[in-house]
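There are 2 protein chains.
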Amino acid sequence: MNGMNGHGPDISGFSHAKGQYFLREAFKVIFEETICKSTDVNEKVCDWQDPEQLEQLLDLELRDSGESHDQLLSRVHDVAKYSVKTNHPRFFNQLFSGIDYHALAGRLLTETLNTSQYTYEVAPVFVLMEDVVLTKLRSMVGWLSGDGIFCPGGSISNIFGMNVARYHAFPEVKRQGLWALPRLAVFTSQDSHYSVKKAASFLGIGTDNVFLVKTDQSGSMDPEDLEGKIKLARSQGAVPFYVNATSGTTVRGAFDPLDSIADICEKNGLWMHVDAAWGGSVLFSKKHRHLLKGIERANSVTWNPHKMLSTGLQCSVFLVRDTTNLLQKCHSASATYLFQQDKFYDMSLDTGDKTIQCGRKVDCLKLWLMWKAVGTKGLTERVDKAFALTRYLAEEIEKREGFQLLYKPQFVNTCFWYIPPSLRGKENSADYKDRLSQVAPAIKERMIKQGTMMVGYQPLNGQVNFFRMIVISPHISQRDMDFCLDEIERLGKDL
Amino acid sequence: MNGMNGHGPDISGFSHAKGQYFLREAFKVIFEETICKSTDVNEKVCDWQDPEQLEQLLDLELRDSGESHDQLLSRVHDVAKYSVKTNHPRFFNQLFSGIDYHALAGRLLTETLNTSQYTYEVAPVFVLMEDVVLTKLRSMVGWLSGDGIFCPGGSISNIFGMNVARYHAFPEVKRQGLWALPRLAVFTSQDSHYSVKKAASFLGIGTDNVFLVKTDQSGSMDPEDLEGKIKLARSQGAVPFYVNATSGTTVRGAFDPLDSIADICEKNGLWMHVDAAWGGSVLFSKKHRHLLKGIERANSVTWNPHKMLSTGLQCSVFLVRDTTNLLQKCHSASATYLFQQDKFYDMSLDTGDKTIQCGRKVDCLKLWLMWKAVGTKGLTERVDKAFALTRYLAEEIEKREGFQLLYKPQFVNTCFWYIPPSLRGKENSADYKDRLSQVAPAIKERMIKQGTMMVGYQPLNGQVNFFRMIVISPHISQRDMDFCLDEIERLGKDL
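Those sequence lines, one after another, are chains Y and L.
Counting with the working numbering, you get residues 1 to 495 for the letters of the first sequence.
Counting with the working numbering, you get residues 496 to 990 for the letters of the second sequence.
Excised from the complex, chain Y in its bound form:
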C-alpha cells in the first residue's frame, strides 16, 4: 500500500510539499478575492445568482476522483466570487459586518493549530487565554469574580443561561428531569431574541411557559408588565424562575431597564439573565454604557464579540456571577477518558466539562489578538464611532424627503421607511400600509440583484416592513451612510 512505509509518497497523490504549495497558492486567491476585493467599495457586495444558475456555475457534486491543483484553485475563486462579502463597506444586513485584520489573523492561527478547548493538555495556551478574556469581560460587566465559557453562538449562550438557572433553583433536575419539578415559567420581552423560545422548547420547558412581557415605545421591557406576568404565571400554578432581559434587541436595538428588572428579580427570587449578545460591547463606551446600567446585578450574561467588535463568527461568551462552580456542576459528566483525575498538573485547568459540548472550537484567540492590537481604547473608539455614525444617519433620514424614522435610535440599529413619491401624502389611503409593506422587499430585491449594498428589513409589532440598518464596521464613514440613503432612493423612487 502506498505511503505505508516511511514518509514517502502519500496516498491520494499529495505530499506535504504539494499540500503546502496548494495552500500557499490558495491563500493568494483568498487574499485577493475575499480581502482585497471584498473591502473595495468599487466592487459588488454580492454577485446574485438564482439558485439554479448558481448550482450550475459551482458544480458542487462530489465525485469518486479528485481534481487538479488548477481546478481546485478555480473552485476557491468561485466560492469567493459568489459568496456575500460581509467585509464590504456596504454590508449592513446583519448584526455582524466589517473586517478586523488582527482578529482574522487569530482565526487563521486557530484554524491551523486545530485543537479543542477542553483540556490544558491539548490546549494549554487557550485554556489560560480563555480565562484571561472571560475575566476581563466579567470585569467590564462589573464582576470581580465568577465563571464563564465561550459558546458556539449567542443562542446557545442563552440556552445555557436558562439551563444553569434551572439547575440552580432545582439541582435535582439534572438526574430526575422535569417530572420532579413543578411547571416552570420564564419571562422575556416581546422584542427579545427568538432563542429564548428555542431554549424553552429545547430544555423541555415548552414555549407556552414563556411569558412575553410588553415593551414600551422605545422597545424596552415594561417592568410593570413583568410584575403582572409573574403574578399571572403564579395564578396559573407555574413557578417563575428566570427572567431574560435584553441589552440591545435584535431589530430596534433597545435596552431593557436592568435596574428595575433586577429589583423585581430580587424581590421574587428569580434568576436574572441578560442577553447582551448584541449590546454587550457598549460596555466599552464610557459615554454609552449607562444603557446597561444594572447589568452587574444579573446572574448571567450572554455577550457576542463577533457582532459589534467584528471578531468574526463565532465568538460568544456566557458569563455567570456565581462562584460555587455552578456551571461545571450543572453541565459536567466527568468522562474518565478525557478528564482523568490522575494527571500531573492542576486538573481544574481542564475546563471542558463546564459545557455540554465535548470537542469545542477555540474562540478566544481572535478576540484576544485584536484586543492586544488596538487595546481597550481602540475598541472604545470603535463603539463610540458606530454610535456617532448612527446619529449622523438618523439625522440625515430626518432631513430627507421620503425617509421616515420609526424611532430615534438608542443604539446602532436605525429603523426607517423609504416612502416612494407615489405614496407620499397618502398615509390615510386604505391600502397605504399594504403598499408600503411591499416597498422594502422590492428595493431589497433590486439592491441584491445589482449588488450595490445589503440592508435588512422586517415588520415588527404591527409596523409594516421597514429597513433596519446596522452600523458597526470600523472601516465605514459618513460617505457610506450618504451612499445608502441615495441608493435606496435610486432603487425605490419609481415604486
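Incorrect hints may have been included.
Estimated spans, in silico, between C-beta atoms of each pair [to be verified]:
| id | chain 1 | residue 1 | chain 2 | residue 2 | range |
| --- | --- | --- | --- | --- | --- |
| 1 | L | 667 | Y | 21 | 54 to 62 Å |
| 2 | Y | 435 | L | 675 | 57 to 65 Å |
| 3 | Y | 190 | L | 675 | 21 to 29 Å |
| 4 | Y | 15 | L | 920 | 40 to 48 Å |
| 5 | L | 667 | Y | 190 | 22 to 30 Å |
| 6 | L | 709 | Y | 32 | 56 to 64 Å |
| 7 | L | 781 | Y | 490 | 33 to 41 Å |
| 8 | Y | 266 | L | 936 | 29 to 37 Å |
| 9 | Y | 57 | L | 558 | 43 to 51 Å |
| 10 | L | 519 | Y | 228 | 27 to 35 Å |
| 11 | L | 675 | Y | 56 | 58 to 66 Å |
Not close to chain L: a few residues of chain Y, all C-beta gaps over 12 Å, as computed [unchecked claim]:
| id | residue |
| --- | --- |
| 12 | 172 |
| 13 | 429 |
| 14 | 432 |
These are computed hints drawn from the structure, not numbers from a lab.
Using N, Cα and C, we set each Cβ at its ideal position, and we do this for glycine too.
For chain Y, the structure is supplied; the task is to place chain L on it using the hints.
Chain L in isolation, oriented as in the chain Y frame:
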C-alpha cells in the same frame, strides 16, 4: 472624530493597507510555525510549560493601549510555539489529528468570508453546498432522501437526535414542555459517549432516565440486555422512546450491532439514533463498512468528519431519515426579522431555522473542498490505510515483550498496557493493578514534558489505566507506529 469623513485614516491607527500588511506577515509566521514545523517529525509535538510559567511567557493581560506590529507578530509566534501540534505525525491523543491542506484552505476561506449559514441571502454558496454534502453523506448511510444539518460538534448533534426523537413521539412537548408527557426513558451502552447523559440532563429528561445497556467483551452493546432494560424501564412506569447506538465507541472503537438494535427499536416503536461521530467515516471503506451494517435502518445519525477525515474542527453532521420536515418543525421559531416570508427567492433555502442556533458557522466548505481534491476514492484509501496501520500496530504490540493488547482492535483505536520490567510476571501480586494503573500516567507525564509524542490513557470497566492510541492522520506510516512503541518503552522501562 478620526475616520468619520471619507475612507481616510482609520481609528486605532490601522488602515486597510496596514491591516493587510499585518495579515500577510502574520500568515508567514503561521505557515512556518504551525504548518512547516508542526508537521516536521524532528520538531516537538508540544513544548510543555507549567501553567504559571506559561502565563509569564505569554503575557496574556489585556490592556488599555494596543501594541506594535512587531510585538503582535511575536505574539502570533508564541501562541503557535506553546500550543500542542495536533498536525504532528506523533500526535495520537484525540479522535482528531493530522492535517489536510485542502480542508485547511477551505477553513481559511471560510474565515475570511465570515458569513453565517442561516439564509440563502447571506450564504448562497454555502446553503447549496451544505445540501450537496448532506445529501452525499446521507447516500453513504443508505438514504436517498432525508434531512440534516451541520452542528457545532458531535455532542450537540447527539442532543439534536434525542430532541427530534422526543418531538416526533410527542410534538406537544415543544409548546407544553415535559410536564405534558409521561416520564421518558432512553437507552445507550455503558461504553457510549458521555454526551448521551449530557443530552438527557440538558433536555430536562434527567440522567436517571438514561438506562445503561451492558457491552460484550469487544465493547459492543448487548442486544439482549437492551431488551431487558426496555422492560425494566416500562416496569418502572417510564416510557421508552430513544435508543442511542454507537458506531465507534470513544475508548475501544467498538461498533454496536445495528441490525439487532434496529429489530428491537422497530418492535418497540423506538427512535434509533446512531452516534457514528467517530465511526461514520468507515462508510468510505468497502472493506470495513460492514461494521455499520444496519445503519440505514436508523432514524438519525451523528457523524463527525472532523475526526477520522481530518477536516479540522468543527465539522459534525446530524442526519435524519425523516422526509416530513421534522427537523424544522422541531426547532423552528420563525423569526420574522431573518426568515421573512416575502423574499423574492425560494424561501425553503433559508435553512437556518432547522437548528437551535441563530448565527451558525459555515462548516461544510472544508469537507467539500477536501472531497473535491481527493475524491471519494482518496478518502476511501485513507480510511483503509488507517485500518491497515492499526493492524500493524496491534501485531507489533503482540510481538513485543512488555506490551499487552487489551482487545483485538475492531477499528483504529488500539488499547494496550505497557508493563515495565519491574512488573512483568507479577500479575498475581496484590498491588499489581495499583502499580500498573500508575504506569501510563507516569509515561504520559514524561512524554509531554519531553514533547516527543502524545497518546491518551484511561481506565475502563474495571481495567486500570491503559493507553489508547488513535491512528488516523493521512501522513503517518509504520515508522511512526514503531517509534511510538519504542518511545513508550524508553520512557517507561525504569518504572
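Verification of the supplied hints:
1. L:667 x Y:21: 54 to 62 Å: The hint (54 to 62 Å, Cβ to Cβ) holds, given that residue 667 (chain L) and residue 21 (chain Y) are roughly 58 Å apart.
2. Y:435 x L:675: 57 to 65 Å: violated (44 Å)
3. Y:190 x L:675: 21 to 29 Å: holds (24 Å)
4. Y:15 x L:920: 40 to 48 Å: holds (46 Å)
5. L:667 x Y:190: 22 to 30 Å: Roughly 24 Å apart at Cβ, these two residues keep to the hinted range, so it holds.
6. L:709 x Y:32: 56 to 64 Å: With Cβ atoms ~58 Å apart, the hint holds.
7. L:781 x Y:490: 33 to 41 Å: violated (59 Å)
8. Y:266 x L:936: 29 to 37 Å: Violated, at about 47 Å.
9. Y:57 x L:558: 43 to 51 Å: Distance hint for residue 57 (chain Y), residue 558 (chain L) holds at roughly 48 Å.
10. L:519 x Y:228: 27 to 35 Å: With a Cβ separation near 59 Å, residue 519 (chain L) and residue 228 (chain Y) fall outside 27 to 35 Å, so the hint is violated.
11. L:675 x Y:56: 58 to 66 Å: violated (48 Å)
12. 172: violated (8 Å)
13. 429: holds (20 Å)
14. 432: Fine: 17 Å to the nearest Cβ keeps residue 432 (chain Y) off the interface.
Against the hints set out earlier in the document, violations occur for numbers 2, 7, 8, 10, 11, 12.
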